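Top to bottom, those sequences are chains A and B. Using the numbering used here, the first residue of the first sequence is number 287, and each one after it goes up by one. Using the numbering used here, the first residue of the second sequence is number 67, and each one after it goes up by one.
Any given hint could be a false lead.
As the list claims (entries may be wrong) - Cut-off 35 angstroms, straight-line C-alpha distance, at most; resulting in silico cross-link-like pairs (DSBU-like, lysine-lysine): (1) K315(A) <-> K195(B); (2) K534(A) <-> K127(B); (3) K373(A) <-> K391(B); (4) K127(B) <-> K543(A); (5) K391(B) <-> K315(A).
Said to hold, decoys possible - Coverage of chain A stretches by chain B, computed from C-beta distances (three or more under 8 angstroms per stretch; other residues unrestricted): (6) 288 to 298; (7) 319 to 332; (8) 386 to 400; (9) 430 to 440; (10) 457 to 463.
Calculated from the structure, these hints are not laboratory results. This one's a predicted model, so the numbers in the text were calculated from it and none came from an experiment. Cβ atoms here follow ideal geometry from the backbone N, Cα and C, with glycine treated the same way.
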Amino acid sequence: MDRKEALWIYQKMNEIRFFEDEVHRTFGKGLIPGFVHLYAGEEAVATGVMALLDDEDYITSTHRGHGHAIAKGCDINGMMAEIMGKKDGLGGGKGGSMHVADIGKGMLGANGIVGGGFGLAAGAALTVKTLGRDNVAVCFFGDGASNEGVFHEGLNLASILNLPVIFVCENNQFGEGTPFRYASASETVAERASAYNMPGVRVDGMDVEAVYDATKEAIARAKSGKGPTLIECDTYRQYGHFEGDEQKYKTDQDPNKDRDPIPEFREKAIANGWMTAEEADAIETAAEKTIVEATAFAEASPLPDESALYTDIFA
Amino acid sequence: MTERKLTFMSAITEAMVQSMRKDETVILIGTDVAGGAEVDHLVHDDGRYDDAFGGVFGLSKGMVTEFGRERVIDTPIAEHGYFGAAVGAAATGLRPIAELMFNDFVGFALDPILNQGAKMRYMFGGKAKIPLTVRTVHGAGAGAAAQHSQTLYGMFGAIPGVKVVVPSNPYDAKGLMLAAIEEDNVVVFSEDKMLYGMKGDVPEEYYTIEIGKANVVREGTELTIVAIGKMVQVAQEVANRLAKGDISVEVIDLRTIAPWDQETVLNSVEKTGRLIVIDESNPHNNTATDIASVVADKAFDYLDGPIKTVCAPNTPVPFAANLEKAYIPDADKVLKVAEELIADLRKVSTI
Numbered sequence: 287m288d289r290k291e292a293l294w295i296y297q298k299m300n301e302i303r304f305f306e307d308e309v310h311r312t313f314g315k316g317l318i319p320g321f322v323h324l325y326a327g328e329e330a331v332a333t334g335v336m337a338l339l340d341d342e343d344y345i346t347s348t349h350r351g352h353g354h355a356i357a358k359g360c361d362i363n364g365m366m367a368e369i370m371g372k373k374d375g376l377g378g379g380k381g382g383s384m385h386v387a388d389i390g391k392g393m394l395g396a397n398g399i400v401g402g403g404f405g406l407a408a409g410a411a412l413t414v415k416t417l418g419r420d421n422v423a424v425c426f427f428g429d430g431a432s433n434e435g436v437f438h439e440g441l442n443l444a445s446i447l448n449l450p451v452i453f454v455c456e457n458n459q460f461g462e463g464t465p466f467r468y469a470s471a472s473e474t475v476a477e478r479a480s481a482y483n484m485p486g487v488r489v490d491g492m493d494v495e496a497v498y499d500a501t502k503e504a505i506a507r508a509k510s511g512k513g514p515t516l517i518e519c520d521t522y523r524q525y526g527h528f529e530g531d532e533q534k535y536k537t538d539q540d541p542n543k544d545r546d547p548i549p550e551f552r553e554k555a556i557a558n559g560w561m562t563a564e565e566a567d568a569i570e571t572a573a574e575k576t577i578v579e580a581t582a583f584a585e586a587s588p589l590p591d592e593s594a595l596y597t598d599i600f601a
Numbered sequence: 067m068t069e070r071k072l073t074f075m076s077a078i079t080e081a082m083v084q085s086m087r088k089d090e091t092v093i094l095i096g097t098d099v100a101g102g103a104e105v106d107h108l109v110h111d112d113g114r115y116d117d118a119f120g121g122v123f124g125l126s127k128g129m130v131t132e133f134g135r136e137r138v139i140d141t142p143i144a145e146h147g148y149f150g151a152a153v154g155a156a157a158t159g160l161r162p163i164a165e166l167m168f169n170d171f172v173g174f175a176l177d178p179i180l181n182q183g184a185k186m187r188y189m190f191g192g193k194a195k196i197p198l199t200v201r202t203v204h205g206a207g208a209g210a211a212a213q214h215s216q217t218l219y220g221m222f223g224a225i226p227g228v229k230v231v232v233p234s235n236p237y238d239a240k241g242l243m244l245a246a247i248e249e250d251n252v253v254v255f256s257e258d259k260m261l262y263g264m265k266g267d268v269p270e271e272y273y274t275i276e277i278g279k280a281n282v283v284r285e286g287t288e289l290t291i292v293a294i295g296k297m298v299q300v301a302q303e304v305a306n307r308l309a310k311g312d313i314s315v316e317v318i319d320l321r322t323i324a325p326w327d328q329e330t331v332l333n334s335v336e337k338t339g340r341l342i343v344i345d346e347s348n349p350h351n352n353t354a355t356d357i358a359s360v361v362a363d364k365a366f367d368y369l370d371g372p373i374k375t376v377c378a379p380n381t382p383v384p385f386a387a388n389l390e391k392a393y394i395p396d397a398d399k400v401l402k403v404a405e406e407l408i409a410d411l412r413k414v415s416t417i
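Same shape as in the complex, but just chain B (with noise of 0.2 angstroms):
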């Protein structure tokens, strides 16, 4: 396996060329995901084209380039009717990439994921398959405001017939895409901006990572944290810092929010008696939430405390550098929260 370094975001354009190079039924479609339609000195002499955007993060850039206007295709601005083109699409032979700029812009793409790709494969009597990716973008911290900053992954998480996958680092990135777009249904895979130039390991070799498998990043006895996407480094950090006073901690990277590992939760709770879920949406029903119920429902006999979520305020994103700050979770929020969880432990290490 080769040694490389890719960002968060490169590992993710990587998975759409393998697959796009893999499978000619996959296509790339969204508001300048290219950019510069039609603008002549963009084409080159061979017809082949450059971008203008390639996303506006610049995620899909050179992928016209390699795989033509035909495969990589720029809409208007006009989200229902492309997304409604996307589950049509998928569900008559091709494989979408469809991207919604920010997650926020749902409002305008949401029936098609909602009452049609959800469901058709439902409602016709599994006679029906949307081998749909929808790659989106949340995440507060980058002063975009109420509404390019919102993290709404567990709004879609929370519609029956569609998955949700939100990586938090770039191996995972890569792994969840090609996964993601394997897929024979609707999954969103839903990007924190604030990842995006996030370095880490990531093999050239395309390799798939299981949708619905939680990853136990850090293994420990006394608490167990879960965490979701870019929240998974404050959870690390939460836990070296309550290792310096030998609290043992485990870290589970929920990697898929819908359906999210039961299993792998409840067996960490089982052996810690004690959970944190960090979720930066907003804190009611969400999938913070949806975790403390089920843990509550199953796993409540080794409970030895309340579980605790973290989750930003009920309030938008705000603006202003200071309230944007203080609107993310972060570690020293969990660590308040866990003070209260590990209290009896602390009165046993000092006696």
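So that you can see chain A by itself, here it is in the shape it has in the complex (with noise of 0.2 angstroms):
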């Protein structure tokens, strides 16, 4: 990691953790329709990984997706547009929180389907190699969705076919009210690795340069033709599965509880001289105003027109 990525992946860790905590007080107001569920918390892995991702790369994401769709280089402004359900959001307002998108810079969606990103991610990869491209696609999903047998199916199939794609699981430890140690007979979900001939590595998902190294790995050998990896972030969501959640199923023993990803780094990356408490303060401060820009923005936007209803459908 240099100090370029260092600084980066700053950025974008607290433009996400803006992001969320204002989604979630703008919820609390009522200006959000629907299902909402924030990423806080997890910012190390999709930071880590986006941090070597271009546009041309792929993802898959989530129902809990505002994280990785930042990363991903989505516009703000469009993300909050969007999940306030107003034309001037990434969808038209037509999606919402669980179907941001942005095809355009490779974010394949949001997605309100646990395990609807596997098969999508391995065709997306399935491009890359049939067009001869230098690319990656990544597959985010949850512990939850690792015990969906399309899990299965995926990386099966990514591996048969050789495919340049990285399966990112992030382990935040509860599959919406169920803990994995429950739900998973399996203790990790990298060990399943080994059934589908392909790497698995489980990493501190805390740790900004963990996930960064893994992926760094597993890009290097997607793009060298040796197929597809898997790698597991151990990580903790700080909010419940979805606003509203009780979270009676949460411990004070769990891992991961009381550790916070963003000073974490800022610690690391300031004694590394990645960049300075100045910088890091600089960082900060500017984050909040993109996500109080992008609030204003997404407020003064009109809802849709009624027409668009019925657009949009057939291409």
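Please dock the two separately framed chains into a single complex, following the hints provided.
Below is the structure:
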């Protein structure tokens, strides 16, 4: 990791956190319809991976997708407007929080279906491979999705076709309200990789550098034609499964509960000489401003025209 | 009979609880139907459990405490797996209630319903019974967007071997749920999430409502409106508004959409000569179009005008609040259609 990457990572981590905290408040005020699932606490994963991707690389995301979208470079104003169901949203207000997407940025969408991304990511990687492009696809999924049957199908298919795809499991310890330790017969997700003849690594998902290093190796492997990698990031979500969740399943003993990847990275980046404390402060201030502006933008945006109900069905 | 108000949601809970008390082969299985499995602080000293969720809408809250984790079973998020298990258990002696958290998730759960549960009895020459209740949730209006708001009961209803029930009020919800659990067939019990808070009279006693029988909730002579689930309220509003212009509307709450009650609908159309069907499904290949086709076939000579269907448009469910509102059939949309059908009545009355 170099200084430039570290500064970018710290900026995106802060943008994600301020964004999610703001969505939490805005939802509380009743300005956001529907279901919202917040990413706060898992910033090290999205940023550690996305620091190594560009717009031509693809990602598939989850119902907890705001962090992925921000780190993949989606327009933050457009995201906030989308989440409020406004005309200037990335999807014209027609998708909402669970369907934030920007295909032009390689972001193939947050997804309301748990496990919805495995096949999509394999397909994006198939495009890359077939067209001979030097890119990868990354499939983000949660520990909950790892128990869907399509996990097996997606990983097996990607492996036999030698696809340049990286499966990144964000193990935040809970699939909705059920602990991973109950829902999974294997102790880790990573160890299942051996069944698919691909490397499986488990990293500290609160440590950006650990995520970054594992991703870098997986990308090199994918781009050299050796196929997919499974990376399990051990992390934690600060908020509930959805906004309004009482989180009765959480305990004080939950691993990573008292950790926060953002100050951890700030400290490390300063210690490593990647950024100064002043630079970190400035990044935090700027990120907060970005989110304040996004909220203002979204609130000012009109509702979609009613005719929009009938458009975008077919090309 | 006890006079008592319950919400739509609590009526369903009460039905499940009563059936589980009555019959020890009844189990509830699904993702987070309790929640918090293996979380120590949710276990009482006496070994009883608290739930973390009791279903994402809280509909099965408290059930794990009464019945334990052996009968209120949290699954991984693995719909194909646990619906397969539910069918397998149903075929071999249990009477499962399996929850599909949102009907939109049927993509991952369909094969056990479509190709296993619905067909085993037929394929095995009548030598199997599949007493499985699939509880699921449909409907737009909660801002839950394209993958959590669809209305798919019609899709289930198109499968031979599957019965589909769509309650419109708390009383029916309890009676139909108890009937569904008693059934020796696959019954999809589809709940409109927008009705969960609706209150109504619900007797405490155990009672069932016959599956396959519609309910004439308002008698009338000039126009029949058949409505499903939440749309029954829309039909009632339309009937009230038309009554002010002296138009007499019969409202039929279909209650069961597969097999739907042809006798009640045909009798009504023979009386009124006019039919509107309201169905929140997308407009093609749904329950409304099926009713229209059967009525056109069997009651053609009684019709005084075209059969009208009022459905959601042929679009995914939009997220933005104003678009979602425009998506859902409402009284204004139905009245617009009704005006075409009753134009001749209006002429008569103004002469």
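Which of the listed hints are broken here?
-> 1, 6
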